[in-house]
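Trainee: Got chain A sorted already, so can you dock chain B onto it with the hints?
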Amino acid sequence: MVSTPLLEAAELISRERVAPGFWCLGFRSPEIARRARPAHYVAIDLPGTFSVRLPLGIWTARDDTFTLLFREWGERTTRLACIADHEPLSIIGPLGNEFSLPDTGKRAVIVAGGIGVVPFWLLVRELLAAKVRTTVVLGARSKHMLVGVDELRALGAEVKICTDDGSAGTRATALDLARELAPPDIFYGCGPPPLLRALSDHANAAGIPCQISMEETFGCSMGTCWGCVVPIRRGSPHAVGYPRASNEKREYDFARVCVDGTVFWSEEILWNR
Amino acid sequence: MEPVIGAALEDALDLSVELGALRLRNPIIAASGCYNRGAEFGRIMDVAAYGAVTLKSVTREPRLGNEMPRLLSTPGGLLNAIGLQGPGIAYFLEHEAPKLPAVPTAVIASVAGFSVDEFAEVAARMDGIPGIVAIELDVSCPNVDAEGACFAEDPASTAAVVEAVKARVTKVPVIAKLTPNVSDIKPVARAAEAAGADALSLINSLRGMSVDVDRARPWLANRSGGLTGPAIRPVGVYHVWEAATAVKIPIIGMGGIETGRDALEYLMAGATAISIGTANFRDPLAPLHVGETIAAELRKRSFTRVSSLTGTANPDFAGARA
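Quick mapping for you: the protein sequence lines, in order, are chains A and B. Each step along the first sequence adds one to the number in my numbering, with nothing skipped, and position 10 is 10. Each step along the second sequence adds one to the number in my numbering, with nothing skipped, and position 238 is 238.
Take these hints with a grain of salt, some might be off.
What the hints assert, rightly or not - Computed beta-carbon distance windows for the label pairs:
id, chain 1, residue 1, chain 2, residue 2, range
1, B, Arg-23, A, Pro-88, 34 to 40 Å
2, B, Arg-25, A, Trp-271, 44 to 50 Å
3, A, Asp-201, B, Ala-48, 45 to 51 Å
4, B, Met-209, A, Glu-267, 45 to 51 Å
5, A, Ala-245, B, Arg-261, 40 to 46 Å
6, B, Ser-16, A, Asp-201, 58 to 64 Å
7, B, Pro-130, A, Lys-106, 48 to 54 Å
8, B, Ser-224, A, Ala-245, 21 to 27 Å
9, A, Asp-63, B, Ala-12, 49 to 55 Å
10, A, Glu-158, B, Arg-261, 33 to 39 Å
11, B, Leu-285, A, Thr-104, 39 to 45 Å
12, B, Arg-25, A, Arg-62, 41 to 47 Å
13, A, Thr-4, B, Ser-16, 29 to 35 Å
14, B, Leu-285, A, Val-240, 39 to 45 Å
Said to hold, decoys possible - Not the full set, but computed from the structure, chain B residues with beta-carbon under 7 Å of chain A:
id, residue
15, Phe-41
16, Ile-44
17, Asp-46
18, Pro-62
19, Leu-64
20, Met-68
21, Arg-70
22, Leu-71
23, Gly-76
24, Asn-80
25, Gln-85
26, Tyr-91
27, Gly-128
28, Gly-131
I should point out that these hints are in silico values taken from the structure, not numbers from a laboratory. Yeah, the Cβ is synthetic: ideal placement off N, Cα and C, and Gly gets one too.
Excised from the complex, chain A in its bound form (with noise of 0.2 Å):
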């Protein structure tokens, strides 16, 4: 379902460094707050010289706040961390697609790498609220680059974590720790492309229905200048359907990030075209 956005200015209400580099900043916005849906992002204006908005995924949601945990990553998140207390900021959203959710009773297991935990504390929520028995894991390169555990504890959810140098919880990969599970009724995935590719080959192979939340490099977030886009299988759910041209030789369609996505089904995408 696509989400209905607004376009209003935010007053940023909170600041917190939760490691180093990755920020957790808080808005006021009643009504982007109480439409969020698992997996919703936002698009932020930011003050001073012109870029385009920058899209980051909603955190957490309660009341009339939503929160924001990223990554200084490049020039544009910088320049987010620093945004003066209580300025307000232009704001749209929430925008995208949204998870689906199995049946009251089903398992899930929700695998994240990193900043890729995002999307996921408003799913556990949803999760956990339909009953449905849930298990995160969550890997990092190191335990300073591991984040919103204990916000995703705090829900009652399950969390198992996992770093590659084993300064935290397992040496392992997240997609390791989750093989070691029964197998869920279904997955969901965000993070890095490796991590994500792996998973999708997992889950496919062993037949259990995935979605994965994805990343590009966003242009006008509203689904209009076809820039984010990702090789989807032709004929899937998130198909733009268009006729081909005879000499087309790439047997696949293109879908856009921001608004087909960014959640996708596993078997839909394209890793290896």
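Mentor: Leaving out everything else, chain B in the frame of chain A:
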């Protein structure tokens, strides 16, 4: 905001502009590829803020477009290489065209082609479609019949496209959208005018490239792309100024317009109307802000019509201000 000089003048303020036979209720147009018919941005703003919207360019055949990455944010701009992804003219006519009469403002169609024939055929099939008030030709495409040279870099190729289209499009004005990737735009502008273009749009994106130094390869899958956004505005203002000294037909100025003052630069350099493109990706309300600033400028100068601003900074302005 400047003081309003009497309510009578306020009432007399006329933001409408004429592009040949085409009259728009205000001079602010959404640029091709950045807004389409407003279905997406219309979720958060009023599409009627625009005097017209320009559709994404349509080609004869469907096009899947370029591989990704297609975009890179650059200082003050955006580098893109989308590759004209689109469904082609047949699908457009069947599925998109029926939605156009419901768009709450004027709709300008955009045609892209890789040969003179393709431009003429696609434009002819757009002519007379309900809701389409003008056809813009994206002549910045490579010409496959001339070893991939860009039509708009060559006066004769530009004229050939415009002439072929004008021979078949009889119901609506034809606008030639020119490229800034030339050392002198005047010969191209004159060629388009002589071939019968009713108006010019300039500028299209500026060719550019960025290299990912960590991976030692171009950022964009297409290697090069088109640079848009405020970074290119001085280039656009310059080309509009130059073209306005060379032709009498109206010019739609574009390239990096973000604010009302940016729009005024283009108008005073010689544009009759302006387009907003990439700025939508920051501020979808830009057309409202631009309109307010233009209105304030008219009041300040005791003008009642936008066209009174056109070319006021340009002593060699050759066009008509009426």
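Trainee: Min Cβ distance, Met-68 of chain B to chain A: is it shorter than 7 Å?
Mentor: holds (6 Å)
Trainee: Could one say that the CB atoms of Glu-158 of chain A and Arg-261 of chain B fall in the range 33 to 39 Å?
Mentor: Check failed, 57 Å falls outside 33 to 39 Å.
Trainee: Close enough to count: is the Cβ of Gly-76 of chain B nearer than 7 Å to one in chain A?
Mentor: holds (5 Å)
Trainee: Answer holds if the nearest beta-carbon of chain A is closer than 7 Å to that of Gln-85 of chain B; otherwise answer violated.
Mentor: Interface hint status for Gln-85 of chain B: holds (5 Å vs cutoff 7 Å).
Trainee: At the C-beta level, are Thr-4 of chain A and Ser-16 of chain B separated by a distance inside 29 to 35 Å?
Mentor: With Cβ atoms ~34 Å apart, the hint holds.
Trainee: Tell me if Arg-70 of chain B is really an interface residue toward chain A, meaning its C-beta lies closer than 7 Å to one of theirs.
Mentor: Where the cut-off is 7 Å and the nearest Cβ of chain A is about 5 Å from Arg-70 of chain B, the hint holds.
Trainee: Hint says 34 to 40 Å; check whether the CB-CB distance for Arg-23 of chain B and Pro-88 of chain A agrees.
Mentor: holds (39 Å)
Trainee: Does Asp-46 of chain B meet its interface restraint, that is, does its C-beta lie within less than 7 Å of any C-beta in chain A?
Mentor: Given a least distance of 11 Å, the restraint on Asp-46 of chain B is violated.
Trainee: Quick check: does the Cβ-Cβ distance between Ala-245 of chain A and Arg-261 of chain B fall within 40 to 46 Å?
Mentor: holds (43 Å)
Trainee: Against chain A, with CB atoms and a cut of 7 Å, does the hint on Tyr-91 of chain B hold up?
Mentor: At 5 Å from the nearest chain A Cβ, Tyr-91 of chain B passes the 7 Å test, so the hint holds.
Trainee: Once the shortest beta carbon distance from Gly-128 of chain B to chain A is found, is it less than 7 Å?
Mentor: Status violated, d = 23 Å.
Trainee: Given Leu-71 of chain B as an interface hint, is its Cβ closer than 7 Å to any Cβ of chain A?
Mentor: holds (4 Å)
Hint violations for this structure: numbers 4, 10, 14, 17, 27, 28, all remaining hints satisfied.
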